[in-house]
Amino acid sequence: MKNFSKSNKTLLIVFGLLLILGLFAYFTMGQTSFVRTSLSGLTIGALYFMVAAGLTLVFGLMDVLNFAHGTTFMIGAYMGWQFFTNPSFLFGVAPLLIAFLAGISANTLLQVYVTQWKIDESKREWIKRGLILMALVFGLIGVWGIDFLDLAETAMVAITFTTNPLSELSPQLPLAVFWYRPLLMLFSGALLAVAIAGPGDKTKTLHVDNAKRGWIVVAVLIVLTIVSVLVRESGPEAVLLMNADLRFVLSLLVGALIGAGFGAAMEASLIRPLYVRPMYQVLVTLGVAYVFKEVIQVLWEPLAYQMSRPPFFSQPGKADNLIAWFSTHNTTVDILGVTFPSYRLFIILLGILMLIGLAILMNFTRFGMIIRAGVQDRSMVEALGINVRRVFTLVFALGAGLAALGGIGAAPFIPVQPNMGDAFQLQGFIVVVIGGMGSYSGAAIGALLLGMARAFGDYLALKFSLSPAISEASTVIIMAIILIVKPSGLFGKKE
Amino acid sequence: MAELQTQNVKKQKPGLFKQNQLAIIVLVLLILFPFIMSLITGQPANEGKPKFWEGQFINFFIMAVYAMSYDLLMGYTGILSFGHAAFFGAGAYTMALWLTHFAPLISSQYKITLPGGMDITTTLLFIVALLLVLIVSILMGLFFSGASVRVKGVYFAMITLAIGEAFHILSKATDFVKWTGADEGLHGVPVPLWINPTQHRLRFYFMALFFMVVMYLFLKRVTESPTGRVFVAIRENENRVRMIGFNPATYRSLAFVTSAIAAGLSGAMFSLWNMSATPSMTSAVTTINALIMTILGGVGTLIGPILGAGLMQIFSQFFYQWFGARWPLVFGLIFIALVVFLPYGIVGTYRLRKQGMKAGWTRFTKQFSAKK
Chain C
1 MKNFSKSNKT
11 LLIVFGLLLI
21 LGLFAYFTMG
31 QTSFVRTSLS
41 GLTIGALYFM
51 VAAGLTLVFG
61 LMDVLNFAHG
71 TTFMIGAYMG
81 WQFFTNPSFL
91 FGVAPLLIAF
101 LAGISANTLL
111 QVYVTQWKID
121 ESKREWIKRG
131 LILMALVFGL
141 IGVWGIDFLD
151 LAETAMVAIT
161 FTTNPLSELS
171 PQLPLAVFWY
181 RPLLMLFSGA
191 LLAVAIAGPG
201 DKTKTLHVDN
211 AKRGWIVVAV
221 LIVLTIVSVL
231 VRESGPEAVL
241 LMNADLRFVL
251 SLLVGALIGA
261 GFGAAMEASL
271 IRPLYVRPMY
281 QVLVTLGVAY
291 VFKEVIQVLW
301 EPLAYQMSRP
311 PFFSQPGKAD
321 NLIAWFSTHN
331 TTVDILGVTF
341 PSYRLFIILL
351 GILMLIGLAI
361 LMNFTRFGMI
371 IRAGVQDRSM
381 VEALGINVRR
391 VFTLVFALGA
401 GLAALGGIGA
411 APFIPVQPNM
421 GDAFQLQGFI
431 VVVIGGMGSY
441 SGAAIGALLL
451 GMARAFGDYL
461 ALKFSLSPAI
471 SEASTVIIMA
481 IILIVKPSGL
491 FGKKE
Chain E
1001 MAELQTQNVK
1011 KQKPGLFKQN
1021 QLAIIVLVLL
1031 ILFPFIMSLI
1041 TGQPANEGKP
1051 KFWEGQFINF
1061 FIMAVYAMSY
1071 DLLMGYTGIL
1081 SFGHAAFFGA
1091 GAYTMALWLT
1101 HFAPLISSQY
1111 KITLPGGMDI
1121 TTTLLFIVAL
1131 LLVLIVSILM
1141 GLFFSGASVR
1151 VKGVYFAMIT
1161 LAIGEAFHIL
1171 SKATDFVKWT
1181 GADEGLHGVP
1191 VPLWINPTQH
1201 RLRFYFMALF
1211 FMVVMYLFLK
1221 RVTESPTGRV
1231 FVAIRENENR
1241 VRMIGFNPAT
1251 YRSLAFVTSA
1261 IAAGLSGAMF
1271 SLWNMSATPS
1281 MTSAVTTINA
1291 LIMTILGGVG
1301 TLIGPILGAG
1311 LMQIFSQFFY
1321 QWFGARWPLV
1331 FGLIFIALVV
1341 FLPYGIVGTY
1351 RLRKQGMKAG
1361 WTRFTKQFSA
1371 KK
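First to last, the protein sequences are chains C and E. Under my numbering, the first residue of the first sequence is numbered 1, with each subsequent residue one higher. Under my numbering, the first residue of the second sequence is numbered 1001, with each subsequent residue one higher.
Just chain C, with the same shape it has in the complex (with noise of 0.2 Å):
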């Protein structure tokens, strides 16, 4: 018991000062405010952890602070969001990207073999160069003509459930004119993965197995690119006419994914050559933060968008308590005397099965444990023979893949915009700061504590007529004050 106490002191006071933060407060705001208050405290808590989960693995793995992670919140949610009023888009471009990464992912086994061959070493270099700029024509030609505005057209309410859930839908081409376009995309990948394997360059080795390896992944990746091209115009309608709430759950899935793959391609292509220039990283993520938020406008125009909520939290009406909004589905319930937005709950719901599901990973799986070794020590990990660079890379994915995660669950409440993501990526670089980098749990502290700290802030403001603003500027003094007591966080690895 004297132990426990002892290896979690800042935990218990922590939670201690909380707890007479939570009674001051109880006592004098009476209970109905008090419980809205802490209920949305918990939901705006429960997404800044969303954010900030992803932040502070990425950072306490690989020291890179990633700039981009509003972004990957903000296409997390576009995408969702996509995919639930409109997917024609999403299928509409699958097939090209899928068969591009088909063609990347050969570059393993391609080694095999292009490494063999006769090139003076003179030439490699202009070899390299011309294979990347013929792989760049061929893509754009792969791409060239099609109108992505118009397979992204979306209005700005869409309606779901109450009228023809097909009136978002777009015409995609037909496939006698789209046929040749994956086929040149998979070229276009193929050549670069030829320029990326280093043609007659003899010093790059693979072992056998890699390259087995390698054949599984190509082949998984061009089965999937015939089937996305066949589902090309029948799925879209198959997925608008499916149970909405099915529908939901898959575009959180969807979302999720592409947050995951975008984290991965931007660690894999960007993030990787500069390990040996961190301050350069944080430039790079800038600069692809800048980039796909302009993509989005140009995209779907610099507008806020509505999603509708599924019709599972959106009945009209409101149930008494938790466990007749069960079988009504209505859009609130009362609690304690509450009203409260049923899909906040959900919300709060998601946050806490992420922390589960997060912490069942960091401490039972093998993946698990080399991050929390490499939080530690990221030298000693390489040293004994795992392979880091694949784990930074899986790690980027999963952060980028959780905050997506967080911006298609917020999608139903917030306004879907291209700035969205920006405001929680600030709350969530405090977070870390306040939960200590690379340490989950600290972030899950971390958001607990902002997030009340705003809701109440909001409170207070509102109590004192002055504008929310404050009690944003003043999670600022929180941090300030944290990191006076302790400089690495609450919970963050000794400098």
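It should be emphasised that the hints constitute simulated quantities derived from the structure, not laboratory data. Since this is a predicted model, take the numbers as computed values, not measurements. Idealized CB from N, CA, C, for every residue including glycine. Among these hints, one or two may not hold up.
[Unchecked claim] What follows is a set of in silico ranges between Cβ atoms, one per label pair, in the way DEER data are often shown:
| hint | chain 1 | residue 1 | chain 2 | residue 2 | range |
| --- | --- | --- | --- | --- | --- |
| 1 | E | Trp1179 | C | Ile132 | 50 to 60 Å |
| 2 | C | Val276 | E | Val1028 | 39 to 49 Å |
| 3 | E | Arg1240 | C | Val276 | 46 to 56 Å |
[What the hints assert, rightly or not] Some but not every residue of chain C turned toward chain E, in silico, with C-beta under 7 Å:
| hint | residue |
| --- | --- |
| 4 | Glu472 |
| 5 | Val485 |
| 6 | Pro487 |
[Claimed, not checked] Taking lysine-lysine and the DSS-like style, the derived pairs with C-alpha atoms no more than 27 Å apart in a straight line are:
| hint | chain 1 | residue 1 | chain 2 | residue 2 |
| --- | --- | --- | --- | --- |
| 7 | E | Lys1366 | E | Lys1018 |
| 8 | C | Lys118 | C | Lys202 |
| 9 | E | Lys1178 | C | Lys463 |
| 10 | C | Lys123 | E | Lys1358 |
| 11 | C | Lys204 | C | Lys128 |
| 12 | C | Lys486 | E | Lys1152 |
| 13 | E | Lys1358 | E | Lys1220 |
| 14 | C | Lys9 | C | Lys486 |
| 15 | C | Lys212 | C | Lys202 |
| 16 | C | Lys202 | C | Lys128 |
| 17 | C | Lys118 | C | Lys204 |
| 18 | C | Lys118 | C | Lys128 |
| 19 | E | Lys1366 | E | Lys1354 |
| 20 | E | Lys1220 | C | Lys9 |
| 21 | E | Lys1220 | C | Lys123 |
Position chain E against the provided structure of chain C, taking the given hints into account.
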């Protein structure tokens, strides 16, 4: 024979002019620019096209100082700060607040005249405003360095980001709408008549040019002084600096204060030039602009940020015409390409490759002379 000797002497110790040939030529060109423009277009230097181009250059001068101040932190001292817009905005808001709310109040009640009967109240108030900007900048610099004295590296970057963003939120908070105008900011700041940028564009042009040159010389002096050497040493190896007996925290806050002064003054100039102070001046975009200008031109040089500011001015002017409203997309792609392929910026890469380029150039010219 005598000629040869003098040449040798010259080679040993080049004069001020020879050493800074290029800089002086550029400076002279910049001074003559309004008149050249008015000669070309046939319009007086204070109207029409020359006026427009002077405006572009004024913006460039001010942003160049701002970029240089950022480079003093990032390039020289190795501090990655994401709260730089707070300095810029603090300068702008101090100037604008003083000129809108306090200066008219004072000048309506008191009159200060020289013995000759000349009214110097507005001039004095303007000088007071500059002093106030200085004081606020110093305080801001101390605040930033003090708030983050115990942390380093990327932690530090996050904290500066958070503090900077807190200032941004405060600058557009509706609680101070009476003073700061909240979201809209302060517009139509009563700038003293004698430097009003719309009426006396040419005068303002020279003022901005003078400002940039003075700040450049000041920052150059700082970076070349022993203190500046310590800044660079902190960037290279902080532990070693501590071992030698310098306190890195002191020097870091010194760098912060110097940088804050330059940024605050440029912010004040910017608010005079636009006759406004808006929350966008304290936003993260303003910080990122400084970062982009610095990276573009070259980290760790003073000329680099100036060049970067100039390029940025051109980009923001013409990219809109070329690419439409989504020009930042192209700009972002260029930025990523720059960071990946040209990490030392234009000036840095030039300095790295200077020897190779020179050798190539002489080979090139020799080829020609051989053919002749």
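Checked hints:
A hinted range of 50 to 60 Å holds for the C-beta pair Trp1179 of chain E and Ile132 of chain C, which are about 56 Å apart. In this structure the hint that Val276 of chain C and Val1028 of chain E lie 39 to 49 Å apart at CB holds, the actual value being about 43 Å. Checked against the hint of 46 to 56 Å, the pair Arg1240 of chain E and Val276 of chain C fails, with Cβ atoms roughly 21 Å apart. Among the interface hints, the one on Glu472 of chain C holds; its C-beta lies about 5 Å from the nearest C-beta in chain E, closer than the 7 Å criterion.
Contact between Val485 of chain C and chain E, as hinted, is not supported at the beta carbon level, the nearest pair being about 10 Å apart and thus beyond 7 Å. With a cut of 7 Å, the hint placing Pro487 of chain C at the interface with chain E holds, because the nearest CB-to-CB distance is about 4 Å. Restraint check for Lys1366 of chain E and Lys1018 of chain E: satisfied, since their Cα atoms lie roughly 25 Å apart, inside the 27 Å limit. Simply put, Lys118 of chain C and Lys202 of chain C have alpha-carbon atoms about 9 Å apart, close enough for the 27 Å limit, and the pair holds.
About 20 Å separates the Cα atoms of Lys1178 of chain E and Lys463 of chain C, which keeps this hinted pair within 27 Å; it holds. With a C-alpha separation of about 25 Å, the suggested pair Lys123 of chain C and Lys1358 of chain E falls inside the 27 Å cut-off, and the hint holds. Using a Cα cut-off of 27 Å, the hinted pair Lys204 of chain C and Lys128 of chain C holds, with the two alpha carbons roughly 15 Å apart. A distance of roughly 14 Å separates the Cα atoms of Lys486 of chain C and Lys1152 of chain E; the hinted pair therefore holds under the 27 Å criterion.
Our distance criterion of 27 Å between C-alpha atoms is met by Lys1358 of chain E and Lys1220 of chain E, whose separation comes to about 26 Å. Pair hint Lys9 of chain C plus Lys486 of chain C holds up; C-alpha atoms about 13 Å apart against a cutoff of 27 Å. Taking the CA atoms of Lys212 of chain C and Lys202 of chain C, the gap is near 20 Å; set against the 27 Å cutoff, the hint holds. In summary, the hint linking Lys202 of chain C to Lys128 of chain C is supported, as the alpha carbons are separated by about 15 Å, within the 27 Å threshold.
With a C-alpha separation of about 14 Å, the suggested pairing of Lys118 of chain C with Lys204 of chain C holds against the 27 Å cut-off. Using a Cα cut-off of 27 Å, the hinted pair Lys118 of chain C and Lys128 of chain C holds, with the two alpha carbons roughly 14 Å apart. Our distance criterion of 27 Å between C-alpha atoms is met by Lys1366 of chain E and Lys1354 of chain E, whose separation comes to about 18 Å. Note on Lys1220 of chain E and Lys9 of chain C: the hinted pairing is violated, with a Cα-Cα distance of about 51 Å set against a maximum of 27 Å.
Of the pairs offered as hints, the one joining Lys1220 of chain E and Lys123 of chain C is violated, with about 44 Å between alpha carbons and a cut-off of 27 Å exceeded.
Violation of the numbered hints given earlier is confined to hints 3, 5, 20, 21; the remaining hints are satisfied by the structure.
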